[in-house]
Amino acid sequence: MSPENNLLLEAKGITKYFGTITALENVDLKIHAGECLGVVGDNGAGKTTLMKVLSGLYKPSSGSLFFEGNEKILESPRDSQNLGLEMVYQDLALAGNLPIGENIFLGREPTKNLGLLKFLDFKKIKELTEEHLGKLKINVKSADQKVEELSGGQRQAVAIARSTAFNAKVVIMDEPTAALAIKEVGKVLDLINSLKKTGVGVIVISHRMDDIFYVCDRVMALFQGTNFAEAELSKTSRDEVIGWIMGKK
Amino acid sequence: MEEKDKKKESLYVKLIPYFERYGILLLLVIMILVMHILQPDVFLSWRNITNVFKQISWQSMLALGVFMVIVTAGIDLSVGSIMMLSLMVLAIVAKAGAPWFVVILVPLFAGFVCGLINGLGITLLRMPHPFIMTLGTLYIFRGTGNLISGGTPISGFTDEVRYLGHGRIDLTWLGLEKSQYLPVSLVLIAIVYIIFWAFMNHTRTGKWIYAIGGNPNAARASGINVNKILVIVYSLCGFLSGIGALILAGRADSGYPNAGLQSELDAIAACIIGGASFFGGRGTVLGVFAGVMIMGILRNGLNLMDVSSFWQQVLIGSIIVLAVYIDVLRRELGTRK
Chain Y
1 MSPENNLLLE
11 AKGITKYFGT
21 ITALENVDLK
31 IHAGECLGVV
41 GDNGAGKTTL
51 MKVLSGLYKP
61 SSGSLFFEGN
71 EKILESPRDS
81 QNLGLEMVYQ
91 DLALAGNLPI
101 GENIFLGREP
111 TKNLGLLKFL
121 DFKKIKELTE
131 EHLGKLKINV
141 KSADQKVEEL
151 SGGQRQAVAI
161 ARSTAFNAKV
171 VIMDEPTAAL
181 AIKEVGKVLD
191 LINSLKKTGV
201 GVIVISHRMD
211 DIFYVCDRVM
221 ALFQGTNFAE
231 AELSKTSRDE
241 VIGWIMGKK
Chain S
1001 MEEKDKKKES
1011 LYVKLIPYFE
1021 RYGILLLLVI
1031 MILVMHILQP
1041 DVFLSWRNIT
1051 NVFKQISWQS
1061 MLALGVFMVI
1071 VTAGIDLSVG
1081 SIMMLSLMVL
1091 AIVAKAGAPW
1101 FVVILVPLFA
1111 GFVCGLINGL
1121 GITLLRMPHP
1131 FIMTLGTLYI
1141 FRGTGNLISG
1151 GTPISGFTDE
1161 VRYLGHGRID
1171 LTWLGLEKSQ
1181 YLPVSLVLIA
1191 IVYIIFWAFM
1201 NHTRTGKWIY
1211 AIGGNPNAAR
1221 ASGINVNKIL
1231 VIVYSLCGFL
1241 SGIGALILAG
1251 RADSGYPNAG
1261 LQSELDAIAA
1271 CIIGGASFFG
1281 GRGTVLGVFA
1291 GVMIMGILRN
1301 GLNLMDVSSF
1311 WQQVLIGSII
1321 VLAVYIDVLR
1331 RELGTRK
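The listed protein sequences correspond, in order, to chains Y and S. Residue 1 in the working numbering is what sits at position 1 of the first sequence, and the numbering runs on without skipping anything. Residue 1155 in the working numbering is what sits at position 155 of the second sequence, and the numbering runs on without skipping anything.
These aren't lab readings, by the way, just hints derived from the structure by calculation. It is possible that part of the hints are untrue.
With a Cα cut of at most 27 Å, we get these calculated DSS-like pairs of lysine-lysine [to be verified]:
{"#": "1", "chain 1": "S", "residue 1": "Lys-1228", "chain 2": "Y", "residue 2": "Lys-59"}
{"#": "2", "chain 1": "Y", "residue 1": "Lys-124", "chain 2": "Y", "residue 2": "Lys-169"}
{"#": "3", "chain 1": "Y", "residue 1": "Lys-112", "chain 2": "S", "residue 2": "Lys-1228"}
{"#": "4", "chain 1": "Y", "residue 1": "Lys-124", "chain 2": "Y", "residue 2": "Lys-112"}
{"#": "5", "chain 1": "Y", "residue 1": "Lys-146", "chain 2": "S", "residue 2": "Lys-1228"}
{"#": "6", "chain 1": "Y", "residue 1": "Lys-118", "chain 2": "S", "residue 2": "Lys-1228"}
{"#": "7", "chain 1": "Y", "residue 1": "Lys-235", "chain 2": "Y", "residue 2": "Lys-12"}
{"#": "8", "chain 1": "Y", "residue 1": "Lys-135", "chain 2": "Y", "residue 2": "Lys-123"}
{"#": "9", "chain 1": "Y", "residue 1": "Lys-123", "chain 2": "Y", "residue 2": "Lys-146"}
{"#": "10", "chain 1": "Y", "residue 1": "Lys-12", "chain 2": "Y", "residue 2": "Lys-59"}
{"#": "11", "chain 1": "S", "residue 1": "Lys-1054", "chain 2": "S", "residue 2": "Lys-1095"}
{"#": "12", "chain 1": "Y", "residue 1": "Lys-123", "chain 2": "Y", "residue 2": "Lys-137"}
{"#": "13", "chain 1": "Y", "residue 1": "Lys-12", "chain 2": "Y", "residue 2": "Lys-248"}
{"#": "14", "chain 1": "S", "residue 1": "Lys-1228", "chain 2": "Y", "residue 2": "Lys-72"}
{"#": "15", "chain 1": "Y", "residue 1": "Lys-135", "chain 2": "Y", "residue 2": "Lys-169"}
Only chain S is shown next, with the shape it has when bound in the complex (with noise of 0.2 Å):
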């Protein structure tokens, strides 16, 4: 009896890290199921799916830069304002006449300093927790954007700069229709989440990351610079909200003052989705994708079903709550007290 008790557990114990890694996939697929049942016609037709992967495309830069900072066991509240602020730069040196390849470059680099100063403030400073400085700069990034537009919308952006975000690559050498294109958003999205899943799986400096989330005194006592390595997140973050700005310029063809609102609290709520845990050194970069998917697909699908967008507020927190829930059931689990 006991012996059999035992390999029971055994197996349960070997299933733990599968469903750790790939539970969230599940999930995800559940929901296409579902929605595809739901609406047969229009939901996996392939102007709808080009058309969920746009409306992400953006967000999951935001989720990807937050994820990084949440393994660390902190919080990036600014990212909305950071995509705001580079787009408004973006905007007026577009309108300054700047060469295509210099509009392109410098919301990347004004997200980059924007997450520097997050990273600088945070480290140098000694800011009790993450979300005090990043709460700060909110309200500064997104100042300071208004500021410099003098906090009105500047639209009209060239071809090049909107390739990005606009642009679309031909299949029909595929025999597919002119419709039935693929968004370079997409193949851009693949691009930065395969990067990333690579520095954060089979990188030193990923694999310190993971160790200051799992345990900050271990990752200092093992000689590793916390400091440098918060840093050089909170930059990678503000960079890639900067993309993210990118692209949203490719999409509105404006920059606005509304531009990212609200939109941090989008990004946390897709990396907690997809397995990421605020107390640091758990998520993966799989999981974020699946989570900033699932609140696409979500929103897409209640879209379809027009239902109103009150109920899909209601339906993604409650999401949030229990997708956390799931992660303490797993948590208890896989930990021994």
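Isolated chain Y, as found in the complex (with noise of 0.2 Å):
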């Protein structure tokens, strides 16, 4: 497969401001299916941003997105959840007092419809969430358990779950292995691995260079909101990504 046919997501010329601040200039990024990006950069040097961007919770002062090749608009989230991009966010963005099943359905539930009312249909969600935990190979002791009681690796897992339970063709990790204890780490990292294997191209913002050299193939650093350097990861060091992520080449 050529690169070009399994291009999933083109980020073209992406600029936002706040206000008066400029938090991307005219920034470029591609993800192909089963691959894995990494995103690294200081802080402040708008990866979160240009995540943001593209899962449609901001919408770009200028630049264009392109998924599978066409030109789309994302007006919020849910425009991009449709399209099958998915964001793990950093806060992990669970609601701690419900299950895990809810967790990963929220937003989406299956429901059974009475009219205008949309009844929960807890069975299946049980169901599925059931299904899809075991597919990713994820031990939780029960779909009803809530996510509060759960230990950060496992909310991490159940994050990950939550973004590919639709078919997700690109899912963008914000930090996946930030708050979790070392032991985790690697638990999550192979998760994402599995991920790629199934064809999903894998965005990953991480500030850790053993990750970033652990799952990605392509590594690209953001410098004060432009794009900086860009690299395959065989061509490159962890010693040269740290010095990108400084603003040396």
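Now that you have both chains on their own, put them together as the hints suggest.
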């Protein structure tokens, strides 16, 4: 497969202003099926802003997004979700007071409809949750467990499960291992690798070189809101990538 | 040894959800028993129990509305004023000679519109906290109620209008005495609470209300239109306050300027006693009902024993603090740190 054929998502010339602050200037990004792209950069380099533009949470001030070759305008996260673009947030974006299953299907719950009223189909939620967690080899006591009772790694796994429950094509992860105990990091990274094998394009934002070099195929660096450098992982080194983060080539 | 500890811990962990769900009912049962022991002849009499239900009838509507708002981690201070304004509108429409079914629908609509104003104000005007918007409308709605009525009571409604608040369901066909009737307001409470229990626990919108209280960012990131849900919640809260006005119209047979004064605080207290968390996302409809009952029984019981209303204030305040302290302990036990 040539890389051009399985291009999933392309961002061209993304610029984002917040008042007088320029958070992103003319940023390009590409992600292919089954590929993992690492996005690195110092705090304030614009990584999170870029991801929020890709997920439809922010509208870019200028620039365009192409999904499988067609230009798309994202009005809300729902639009990007409908295209198969999912985001796993740094703060996990899970509701701790709800059970695992209801978190995974939050906003897209299977329902039995009675006129205008949409009643939740709890049985189906549980079935689908167990099936999906099983597919990703995520072990939890029960799909009915509340998320606030889980460990950090389990929560991250639920967040990733949530992002892939609806046949996602691209999953964007913001610092997926930042909040985890060391022994849990490996499990989450392995989960990312198995996602890649299913043909999902994964974008990982991370400060941790270990993570980037364990799961990514390509790495790009942002510096002060612009594209600074980009390379295949096999053609670069940790020291070089760390240099990019600091703005040195 | 370690194994044993683990077993003990897991039993403990298993019991927590039951305490969370039914602990408040236990408190209610204990209170009823204590009152029964203290006042064996009067407290559990048909007359007194129906009295308690009649006394809590309109408060239970306000509490249910405020409960939904508290689940979203918000607050509605204006429910007492919404009820008063709805009552005044009802009284004016009734005095103008409108047919009874119009008179009944008018307060529900007025309450709904007031709630809608709260919801739109909080979301469109981007108020930093619902406290501020509803503090404002607490004054605005009561002021409006006084403006349209001239600040004087308007009394005398027809039996049809008073039916929900004052009607009696005769039970003599069951072999009971004539004095052993069922208040219509009690049936209304039961129906409304069952509907809202189903709404909060079994519909998608209800689940989203809990999700917003649990983590608004998660809800937003899930594509839930948080502002729309908030407008729905505040509108429903206003609508329930309108039902409260209709019940009060039946009970008092009058629209009066002081209706529902400070009742927003009673409503909040009932929610908190019933286990709703101010941090949002926690609490049950059953708990709110228990909270309303606990306050009603406390007031009733203390009245029966001729305890001064000043002591009632002290006791209700203490129960609020105690109930929230139990909530704090529960959170510490139930959540991983």
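**OP:** List, from low to high, the hint numbers that the structure doesn't satisfy.
**Re:** Every hint satisfied by this model.
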